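Number of protein chains: 2
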Amino acid sequence: MAQLLRVQNFTVSRDGIAAGEDQTLERPFGHVQPERLFSWAGATASWPMRTDPGGSRGLDDYFTRDFDRNIGAEIMGRNKFGPQRGPWPDDAWRGWWGDEPPFRTPVFVMTHHERPSFTLSDTTFHFVGGDPADVLAQAREAAQGKDVRLGGGVTTIREFLDADLVDTLHVVVSPVTLGTGLRLWDSPGELLDRFHLEAVPSPSGVTHHLFWRK
Amino acid sequence: MAQLLRVQNFTVSRDGIAAGEDQTLERPFGHVQPERLFSWAGATASWPMRTDPGGSRGLDDYFTRDFDRNIGAEIMGRNKFGPQRGPWPDDAWRGWWGDEPPFRTPVFVMTHHERPSFTLSDTTFHFVGGDPADVLAQAREAAQGKDVRLGGGVTTIREFLDADLVDTLHVVVSPVTLGTGLRLWDSPGELLDRFHLEAVPSPSGVTHHLFWRK
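For the protein sequence lines, the chains are Z and C, in the order given.
Position 208 of the first sequence, counting from 1, maps to 208 under my numbering, and the rest follow consecutively.
Position 113 of the second sequence, counting from 1, maps to 113 under my numbering, and the rest follow consecutively.
Just chain Z, with the same shape it has in the complex (with noise of 0.2 Å):
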């Protein structure tokens, strides 16, 4: 089995905007409200930050409990891992996802500015520079046989798009519209020389996007 390179709970809006300009550290998404594209994911039995039990075990559910599913390595851009522009200030501040991250294997985060690798619970987090296919190489290697998420944000996701190296991704359009921010695309059609497309409606009001190459 081919180990795949997945988007998974990619969640942007009507008008295509996965967060917003203006990323500080107390506003990861600049100047959009998280909950206004997440709320879908937060309502269900299996979101991985949930404390609580309870949720609903709808189609919105095997989303997000098919999140880690044979996933053995994530690589993200660095501003999801934190809000720093060039070189790091220092290395204490270990990233916006907390003492538990919930990522479970290990993470590529990538930068031109390279920083000691470290541990936090069962994530750990490596610092690479390098092209998407090198990026990815190491990634495959660490993933021992699994798939790799790509986890964002959208300069992530296009890079490596454009770089023909994205075999599924799953884009979630929530029922929003915000003008202005970091756009994934115009329209999903955009993506229709690749790959297949099923679009889903949810009872929630997103609706999921499944992509797979043609």
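Watch out, some of these pointers could steer you wrong.
For identical chains, the list gives no copy identity; a pair is met inside one copy or between any two copies.
The calculated lysine to any residue pairs, modelled on SDA-like cross-linking and capped at a C-alpha distance of 20 Å, are [what the hints assert, rightly or not]:
1. K214 - D99
2. K214 - A45
3. K146 - R65
4. K146 - P132
5. K214 - P203
6. K214 - T155
7. K146 - D52
8. K146 - R104
9. K214 - A43
10. K214 - P87
11. K146 - D68
12. K146 - D66
Since the hints were derived computationally from the structure, they do not count as laboratory data.
Please read all numbers here as calculations on a predicted model, not as lab measurements.
Starting from the known structure of chain Z, fit chain C onto it as the hints suggest.
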């Protein structure tokens, strides 16, 4: 996390029929041609019985790949194991599932006629009497904290529903009408007193029915 009892990928016709009558060794589904019900599953990349690469990775694939997620045991009715009725003629015949059954966990076959357990590849079949609650207790213990799959057929699912032991059901309605056979329901609405329901049409033509306890 509670151990759930889950029905998964159980497929019925538009008129609620899951199998034909007159089951024989050669015809596990009696007068019903199983491909009329199950072609949706066979088309997916993650169908456990798939031997060649390929297959779709759209909505239906999320359901087939969820088949073994967090499952530690299966319960099945005797007629999902074989066509025999009454005392076992001998112990040499070891079920319909071949040398590498897709379950890969302990499987509890409900029967009034016990016989010794045996293992095929990484599946062990146990033959157990008792009422649904007794069998579920044994399966839960064998599942070691994971969920238990209720594998069918119709009679077995109805028994566990009557005993109010089922936590979630995924029932696929295929766009065929069969007229006669073993019927799960007259309508999915029969379960709405106890379950939430989301009915999700798939581009393949089937409709996924997702039930979870109120």
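Hint-by-hint comparison with the structure:
Proximity of K214 and D99 under a CA criterion of 20 Å is satisfied in neither setting, with 40 Å inside one chain copy and 34 Å between copies. With identical chains, the CA atoms of K214 and A45 are at most 20 Å apart between copies only, with a shortest distance of 13 Å across copies and 32 Å within one. Taking the shortest Cα distances, K146 and R65 sit within 20 Å of each other both inside one copy (17 Å) and across copies (14 Å). Taking the shortest Cα distances, K146 and P132 sit within 20 Å of each other inside one copy (18 Å), while across copies they are farther apart (37 Å).
In this assembly of identical chains, K214 and P203 lie within 20 Å of each other by CA distance solely across copies; the values are 17 Å between and 28 Å within a copy. In the homo-oligomer, the alpha carbons of K214 and T155 never lie at most 20 Å apart, since the shortest distance is 23 Å inside one protomer and 41 Å across protomers. Proximity of K146 and D52 under a CA criterion of 20 Å is satisfied inter-copy only: 19 Å between copies versus 29 Å inside one chain copy. When the C-alpha separation of K146 and R104 is checked against a cutoff of 20 Å, the pair qualifies both within a copy, at 13 Å, and between copies, at 19 Å.
When the C-alpha separation of K214 and A43 is checked against a cutoff of 20 Å, the pair qualifies only between copies, where the shortest distance is 15 Å, while the shortest distance within a copy is 33 Å. For a Cα distance limit of 20 Å, the shortest separation of K214 from P87 qualifies neither inside one copy, at 40 Å, nor across copies, at 52 Å. Taking the closest pair of Cα atoms, K146 and D68 come within 20 Å of each other both inside a single copy (10 Å) and across two copies (16 Å). Taking the shortest Cα distances, K146 and D66 sit within 20 Å of each other both inside one copy (14 Å) and across copies (16 Å).
In summary, the structure is inconsistent with hints 1, 6 and 10 from the numbered list given earlier, while agreeing with the others.
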